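*Asks:* My request is simple: use the sequences and hints to build the entire structure.
Here's the letter readout for the chains.
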Amino acid sequence: AQKVTQAQTEISVVEKEDVTLDCVYETRDTTYYLFWYKQPPSGELVFLIRRNSFDEQNEISGRYSWNFQKSTSSFNFTITASQVVDSAVYFCALSEVWGRDDKIIFGKGTRLHILP
Amino acid sequence: DTGVSQNPRHKITKRGQNVTFRCDPISEHNRLYWYRQTLGQGPEFLTYFQNEAQLEKSRLLSDRFSAERPKGSFSTLEIQRTEQGDSAMYLCASSRRDRTFLERDTEAFFGQGTRLTVV
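Protein sequence lines correspond, in order, to chains A and B.
For the first sequence, my numbering assigns the number 1 to the initial residue and increments by one for each residue that follows.
For the second sequence, my numbering assigns the number 1 to the initial residue and increments by one for each residue that follows.
Source of the hints: derived by calculation from the structure; they are not laboratory data.
Mixed in with the good hints, there may be bad ones.
[What the hints assert, rightly or not] Here are the simulated lysine-lysine pairs, DSSO-like style, with alpha carbons at most 27 Å apart:
(1) B:Lys57 with B:Lys11
(2) A:Lys108 with B:Lys11
(3) A:Lys38 with A:Lys16
(4) A:Lys3 with A:Lys108
(5) A:Lys70 with A:Lys38
(6) B:Lys57 with B:Lys14
(7) A:Lys38 with B:Lys71
(8) B:Lys11 with B:Lys71
(9) B:Lys71 with A:Lys108
(10) A:Lys3 with A:Lys70
(11) A:Lys3 with A:Lys38
(12) A:Lys70 with A:Lys108
(13) A:Lys38 with A:Lys108
(14) B:Lys14 with A:Lys3
(15) B:Lys14 with A:Lys38
Being a predicted model, the structure only gives us computed values, none of them experimental.
*Replies:* Structural data, given as structure tokens:
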């Protein structure tokens, strides 16, 4: 069965600090997708990134970067030079690609507070 | 395309009443998901469809919950004999999954949700 664990329930940092959100996953499938979504106070889930398990290259998009480590089943998300607008709940999610159980499941989320 | 649309945005109902929510996915998406989210929790999987076929229904769901996706387009989620514990945000998402060409797969796009309050 699939499982996504986000051990950090809440993080607070001062603006301009770097912050890393942890995500650990479990799956029996060898091919899967990993996702990060942002849920700002407005409530709508906003897609940030999708990573294929067969592509271990890390990705950077502006102040956001993602570190995919297959060996440790982790897909961590780092925000560099954080801003107040980054305050939100962030969800990591997992979906098998070829398996019969290919629904998307989510972790419980990490609430991030960026303090001015 | 205007994205995933959910109606109504808010619903207040008395305990014991039936409610129905509607989701209109992005037009070219073959996958449609329903999730439930309560305060401080992540989206909890309820059910999902590939075109008109319902692939799985969460074991956490009681028989009071039913979902349909006739003709593989919009979907409805019905809750019969609502209980106070059903109060939550109900989220719909759609995506495209193509097991032949993975490059065509998309992420799931979410609607704004329907907030249900059972009084």
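*Asks:* Taking the hints in turn, state whether each one holds.
*Replies:* Tested hints:
{"no.": "1", "hint": "B:Lys57 with B:Lys11", "result": "holds (23 Å)"}
{"no.": "2", "hint": "A:Lys108 with B:Lys11", "result": "holds (25 Å)"}
{"no.": "3", "hint": "A:Lys38 with A:Lys16", "result": "holds (19 Å)"}
{"no.": "4", "hint": "A:Lys3 with A:Lys108", "result": "holds (11 Å)"}
{"no.": "5", "hint": "A:Lys70 with A:Lys38", "result": "holds (23 Å)"}
{"no.": "6", "hint": "B:Lys57 with B:Lys14", "result": "holds (25 Å)"}
{"no.": "7", "hint": "A:Lys38 with B:Lys71", "result": "violated (31 Å)"}
{"no.": "8", "hint": "B:Lys11 with B:Lys71", "result": "holds (26 Å)"}
{"no.": "9", "hint": "B:Lys71 with A:Lys108", "result": "violated (33 Å)"}
{"no.": "10", "hint": "A:Lys3 with A:Lys70", "result": "holds (15 Å)"}
{"no.": "11", "hint": "A:Lys3 with A:Lys38", "result": "holds (19 Å)"}
{"no.": "12", "hint": "A:Lys70 with A:Lys108", "result": "holds (21 Å)"}
{"no.": "13", "hint": "A:Lys38 with A:Lys108", "result": "holds (12 Å)"}
{"no.": "14", "hint": "B:Lys14 with A:Lys3", "result": "violated (35 Å)"}
{"no.": "15", "hint": "B:Lys14 with A:Lys38", "result": "violated (32 Å)"}
Hint compliance for this structure: hints 7, 9, 14 and 15 are not met, and every other hint is.
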